[in-house]
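J.: Sequence:
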Amino acid sequence: MNSGTRNALIFLLGLLVTSVLAAWFLGRYERAERELALPPRGEAAYNPLYALRQTLRADGVRAESRQRLDLAAMRLQPHDSVLLFGDPRALSKPDSDALLAWVERGGHLILRTPAADKDDDKAKLPIFDALDVELEDGEPDHCLKLAIPGQPAHSEFCNGRRFQIDKDAASNLWGSDADYAYARLPYGDGTVDLLAEMDFLQNEDSKMRIAFNEKGSPMEGSPFFRQGGLRDVPHRLLARQILAPNYGHGTIYLIYSAELPSLWRTLFTRGWPAWLPALLMLLAWLWSRMQRFGPLRASPAGDRRSLLEHVRASGEHLFRYGKSALLYAAMRQAFLTRLRRRAPLAAALQGPAQAAAIAERLNLSPAQVEQALQAPAPKQHAAFRDRIRLLVQMRNQL
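Numbering-wise (my numbering), the sequence shown opens with residue 568 and increments by one.
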């Protein structure tokens with residue numbers, strides 16, 4: 568079997584296996600579409616009234632969202648509406664007076680009661696004092712039922728802080744025999760709507776979203792998760808009734824506080840795969856660079872002689888005992904070794920020719936070079952010193 572036939576059989580076998588696998592996959596599985604509820608992005612992630620604003624705009628109503636109350640920039644008109652989603656304790660006395668003066672001219676103000684806490688101070692709520700509203704202590708022990716024909720029963724105002732008010736001062740009330748959760752109060756030519764809570768106006772059930780974000784439940788894509796807030800029909804109808812006084816006559820301003828998570832908390836809970844290894848490396852580097860604790864160690868004892876002193880002593884010992892020929896041979900060899908590296912042509916020559924080449928390179932006389940390259944006679948100390956001096960000079964000049 569030649570290579571062409573073998574390659575053809577391998578190709579056909581692979582094609583057969585691929586066809587069988589494709590037929591098995593197509594026969595066993597079918598394409599299906601699945602709808603998943605993705606987490607909100609952009610403005611919808613931090614604006615709890617984003618869905619309400621978009622719904623109002625789709626209905627032809629002018630609606631604006633703002634993170635804080637700015638009366639100078641808003642320029643409220645008599646038929647406008649203002650919904651304060653945040654805590655009313657943040658309202659200053661001048662802002663409260665300005666809002667009530669605007670309501671007297673025909674505005675519609677919607678606000679909620681503050682949450683109950685141990686440090687509550689009713690003196691900090693001038694707008695409630697002006698409306699003769701008395702706040703209850705704590706949260707209610709029961710919910711209010713909201714019945715809409717064709718819709719399942721709803722429980723509302725389960726957690727908000729309720730209040731007391733004169734029945735004759737309100738045009739519309741909703742609550743129990745002991746307290747109220749909603750009241751519409753005429754004030755001059757306008758109205759003030761007071762609610763115990765406004766969770767039904769949000770994009771979705773905030774408590775459910777927080778629970779799923781923390782626990783990472785796999786039920787996020789289920790229809791059960793996509794409920795609460797304005798997703799429920801009764802909540803939409805209730806929101807329409809609350810916005811009714813000036814609905815379609817002016818601009819509805821939705822004032823909210825941006826619900827952005829803390830940067831440090833986000834870095835701590837989600838950024839630990841980055842900062843924890845960096846912190847460990849920083850601690851390890853600091854440990855390696857840190858000085859040792861304890862008393863200073865004594866300095867090591869110095870050597871009696873340096874290396875140069877040992878070499879000098881060895882040379883003097885050889886010279887004293889008539890071994891000067893070894894010293895000369897070592898110095899001559901050191902000169903010739905450097906000569907082979909710096910002037911290989913001169914090193915390759917022999918005799919007078921080599922001496923002449925070296926003398927020309929070093930600006931010396933040939934006689935001096937020949938004298939330096941010839942070993943001195945034994946016990947001629949002056950000749951030995953002259954030759955060593957010349958060899959050192961010649962070696963340094965190369």
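Misleading hints may appear alongside valid ones.
[What the hints assert, rightly or not] DSBU-like, lysine-lysine: derived pairs with alpha carbons at most 35 Å apart: (1) 734 <-> 660; (2) 712 <-> 734; (3) 890 <-> 946.
Calculated from the structure, these hints are not laboratory results.
J.: Are the hints correct? Go through all of them and say.
T.: Consistency of the hints with the structure:
Restraint check for residue 734 and residue 660: the C-alpha separation of about 26 Å stays at or below 35 Å, so the hint holds. A C-alpha spacing of about 20 Å is found between residue 712 and residue 734, which places the hinted pair at or below 35 Å, so the restraint holds. Note on residue 890 and residue 946: the hinted pairing holds, with a Cα-Cα distance of about 10 Å set against a maximum of 35 Å.
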